[in-house]
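Asks: Given next are the chains, with one letter for each unit.
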Amino acid sequence: MAKVLMKGNEALSEAAIKAGCTAFFGYPITPQNEIPEYLSERMEQEGLVFVQAESEVAAINMVYGASAAGARVMTSSSSPGIALKQEGISYLAGARLPCFICSVTRAGPGLGGILPAQADYFQAVKGGGNGDYYTPVYAPNSVQEATDLVFRAFNVADEYRTPVQMIVDGMLGQMMEPVELNPPPRVKVDKELYATSGNSDKRKRNIVNSLNLSGLGLEQMNHERFRDYEKIKEKETLSEYDVPKDAEIVFCAYGVPSRIAKNAISLLKKEGISAGLIRPITLWPFPEKDFLKLPKTVKAVLVTELSMGQMIEDVRLALNGSIPAYHYGRVGGVVFEPDEIAEEAKRILKKGGKKK
Amino acid sequence: MATKVIYDKSKGLDEKPFHYCPGCGHGIVHKLIAEVLVELGVLDKTISVSPVGCSVLAYDYFNCDGVQAAHGRAPAVAIGLKKACPDKIVFSYQGDGDLASIGTAETVHAAHRGDNTTIIFINNAIYGMTGGQMAPTTLIGQKTSTSPFGRSKKNCGLPIKVVEMLAQVPSSHYLERTSVHDFANIRKTKAAIKKAFQTQIDGKGFSMVEILSPCPVGWGIAPIKAMDFVKEQMMPYYPLGVYKDNGELTKLSGGEK
Numbered sequence: 001m002a003k004v005l006m007k008g009n010e011a012l013s014e015a016a017i018k019a020g021c022t023a024f025f026g027y028p029i030t031p032q033n034e035i036p037e038y039l040s041e042r043m044e045q046e047g048l049v050f051v052q053a054e055s056e057v058a059a060i061n062m063v064y065g066a067s068a069a070g071a072r073v074m075t076s077s078s079s080p081g082i083a084l085k086q087e088g089i090s091y092l093a094g095a096r097l098p099c100f101i102c103s104v105t106r107a108g109p110g111l112g113g114i115l116p117a118q119a120d121y122f123q124a125v126k127g128g129g130n131g132d133y134y135t136p137v138y139a140p141n142s143v144q145e146a147t148d149l150v151f152r153a154f155n156v157a158d159e160y161r162t163p164v165q166m167i168v169d170g171m172l173g174q175m176m177e178p179v180e181l182n183p184p185p186r187v188k189v190d191k192e193l194y195a196t197s198g199n200s201d202k203r204k205r206n207i208v209n210s211l212n213l214s215g216l217g218l219e220q221m222n223h224e225r226f227r228d229y230e231k232i233k234e235k236e237t238l239s240e241y242d243v244p245k246d247a248e249i250v251f252c253a254y255g256v257p258s259r260i261a262k263n264a265i266s267l268l269k270k271e272g273i274s275a276g277l278i279r280p281i282t283l284w285p286f287p288e289k290d291f292l293k294l295p296k297t298v299k300a301v302l303v304t305e306l307s308m309g310q311m312i313e314d315v316r317l318a319l320n321g322s323i324p325a326y327h328y329g330r331v332g333g334v335v336f337e338p339d340e341i342a343e344e345a346k347r348i349l350k351k352g353g354k355k356k
Numbered sequence: 001m002a003t004k005v006i007y008d009k010s011k012g013l014d015e016k017p018f019h020y021c022p023g024c025g026h027g028i029v030h031k032l033i034a035e036v037l038v039e040l041g042v043l044d045k046t047i048s049v050s051p052v053g054c055s056v057l058a059y060d061y062f063n064c065d066g067v068q069a070a071h072g073r074a075p076a077v078a079i080g081l082k083k084a085c086p087d088k089i090v091f092s093y094q095g096d097g098d099l100a101s102i103g104t105a106e107t108v109h110a111a112h113r114g115d116n117t118t119i120i121f122i123n124n125a126i127y128g129m130t131g132g133q134m135a136p137t138t139l140i141g142q143k144t145s146t147s148p149f150g151r152s153k154k155n156c157g158l159p160i161k162v163v164e165m166l167a168q169v170p171s172s173h174y175l176e177r178t179s180v181h182d183f184a185n186i187r188k189t190k191a192a193i194k195k196a197f198q199t200q201i202d203g204k205g206f207s208m209v210e211i212l213s214p215c216p217v218g219w220g221i222a223p224i225k226a227m228d229f230v231k232e233q234m235m236p237y238y239p240l241g242v243y244k245d246n247g248e249l250t251k252l253s254g255g256e257k
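Sequence lines, in order, name chains B and C.
Numbering-wise, the first sequence is residues 1 to 356 according to the working numbering.
Numbering-wise, the second sequence is residues 1 to 257 according to the working numbering.
The reader is advised that the hints may include incorrect statements.
[What the hints assert, rightly or not] These stretches of chain C come out as covered by chain B in the derived footprint (C-beta under 8 Å, 3 or more residues):
#, region
1, 40–52
2, 66–80
3, 101–112
[Said to hold, decoys possible] According to the in silico footprint, chain C covers these stretches of chain B (three or more CB under 8 Å from chain C):
#, region
4, 59–66
5, 82–91
6, 132–138
Read the hints as simulated data drawn from the structure, not as lab findings.
Every residue, glycine too, gets a C-beta built ideally from N, C-alpha and C.
Start from the sequences, fold in the hints, and give me the full structure.
Replies: The structure is reproduced here in structure tokens:
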């Protein structure tokens with residue numbers, strides 16, 4: 001397929017269809033509306049399922065039902081809507097059901113605003129639903145990468161039987177970029193081993209369930225899930241590591257703000273300051289190992305996020321005190337400029353950073 | 001003399017013994033559903049959706065695929081299943097806390113979309129599993145663990161009438177209220193359940209049977225008294241009968257039919 005110019009939200013929707021998604025359940029909320037709007041047309045054309053649910057709560061439970069039946073299924077929403085889906089995400093994780101959940105994030109808390117923000121790192125990465133669970137979380141920084149990660153997300157969901165989330169900041173959802181949709185081979189799994197597809201004449205009956213009233217039984221279910229989480233950490237962690245050997249400071253940023261960080265790095269280079277970037281592409285699992293291989297020249301890590309400071313907690317855990325980490329954020333839908341975060345980097349370096 | 005089997009446990013039920021309390025109506029309704037699924041020849045292609053409440057373990061009992069849903073969300077889970085496998089039979093089994101309280105939106109909108117799914121709704125006027133708290137269906141004056149002085153209209157309003165409400169939703173197709181307090185009504189309940197599943201098999205749309213059912217433990221009375229309570233206290237407020245037939249309002253719900 002040749003490159004075409006597409007809006008982020010529409011491109012990732014088309015990628016979902018090309019990934020073999022057969023059912024979409026959603027509810028209107030800005031700034032993700034292009035996804036259900038686009039899919040309401042395309043799913044119909046393809047003879048697939050599109051349902052505009054009565055609420056985000058209902059939509060995620062429809063996803064739960066369709067996934068239980070063995071379908072490749074997705075929902076999309078934005079921050080407050082994802083908050084409403086947390087109950088369902090916890091059930092999906094508990095019942096070991098795959099699905100793809102896309103959040104085109106906006107500013108909060110509460111109703112907040114519809115401008116781009118990254119204040120939902122905690123929501124996606126640290127859960128929000130009840131119980132011990134994680135979901136893989138992808139954070140693309142371009143329309144092309146968003147579509148590539150949609151393909152990957154559906155495969156990872158099926159392979160590990162887990163809900164998978166993608167955080168698309170409002171900017172990426174709304175921007176147009178050239179994109180080429182190249183679906184990779186579909187991972188092979190036998191869903192009849194667990195799916196309640198109404199085929200109990202051909203196999204033993206299947207039950208999809210997160211309930212276990214025996215303490216030891218439920219403990220075992222949790223351990224089984226966490227064994228898969230270890231495999232996901234080992235095999236599915238993605239990042240972009242671009243740190244020169246003489247870097248004095250390293251930015252850590254994800255999504256579109258990582259592109260702003262790249263511009264800031266260019267500005268600093270012109271002034272003779274060597275700076276690098278660690279860009280988590282999976283927010284969970286977090287690319288912890290990248291932080292352990294930083295050169296000794298690095299005096300500080302500057303986490304630039306469109307939040308009051310959320311990812312910085314994982315950066316500090318990864319650094320484990322080896323290098324000081326600083327946060328610079330703008331919130332409410334305000335986006336920092338490259339020179340703004342370059343100035344912050346210089347200020348930190350002037351102040352000292354790591355003591356020699 | 002050769003022996004002849006004249007009554008046997010339905011193949012629609014698993015061997016697992018019910019966990020329900022003595023005198024509870026769930027076991028009766030489970031049996032009726034299982035018999036109907038076998039009689040209609042659809043057991044193997046049926047998927048049950050169990051709620052949160054006393055019947056949370058219903059998936060253990062119906063001898064077909066089963067999904068356990070979050071509290072109140074069973075109709076949404078059911079339509080997800082049905083959309084993924086439209087040629088299968090999908091039903092949710094829900095109590096009054098699940099359906100008439102936390103799940104009202106999912107219930108109304110399943111009817112509103114005309115989902116081709118079936119709901120078996122157990123109205124026993126109380127939250128059973130959590131220990132006998134007041135439900136939206138609890139009668140005025142009825143004492144529960146959260147209405148110790150009896151439900152008052154002033155604080156809690158009048159009990160909700162679910163089939164009456166859903167009858168007003170234009171896309172609902174078949175709605176009936178029955179009871180399992182005696183043999184005659186158990187037989188009528190089975191006929192209603194059969195008609196509801198037939199509605200789905202025929203692809204006609206949303207069907208629901210609301211079943212008045214005793215909860216002697218939750219009500220704090222003996223099983224036989226509980227049967228009397230259904231007849232004497234519940235039935236006058238919750239009249240039995242067909243509220244919507246073939247998509248049309250019946251006389252019971254203000255229609256012509």
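Asks: List in ascending order the numbers of the hints, as given earlier, that are violated by the structure.
Replies: 6
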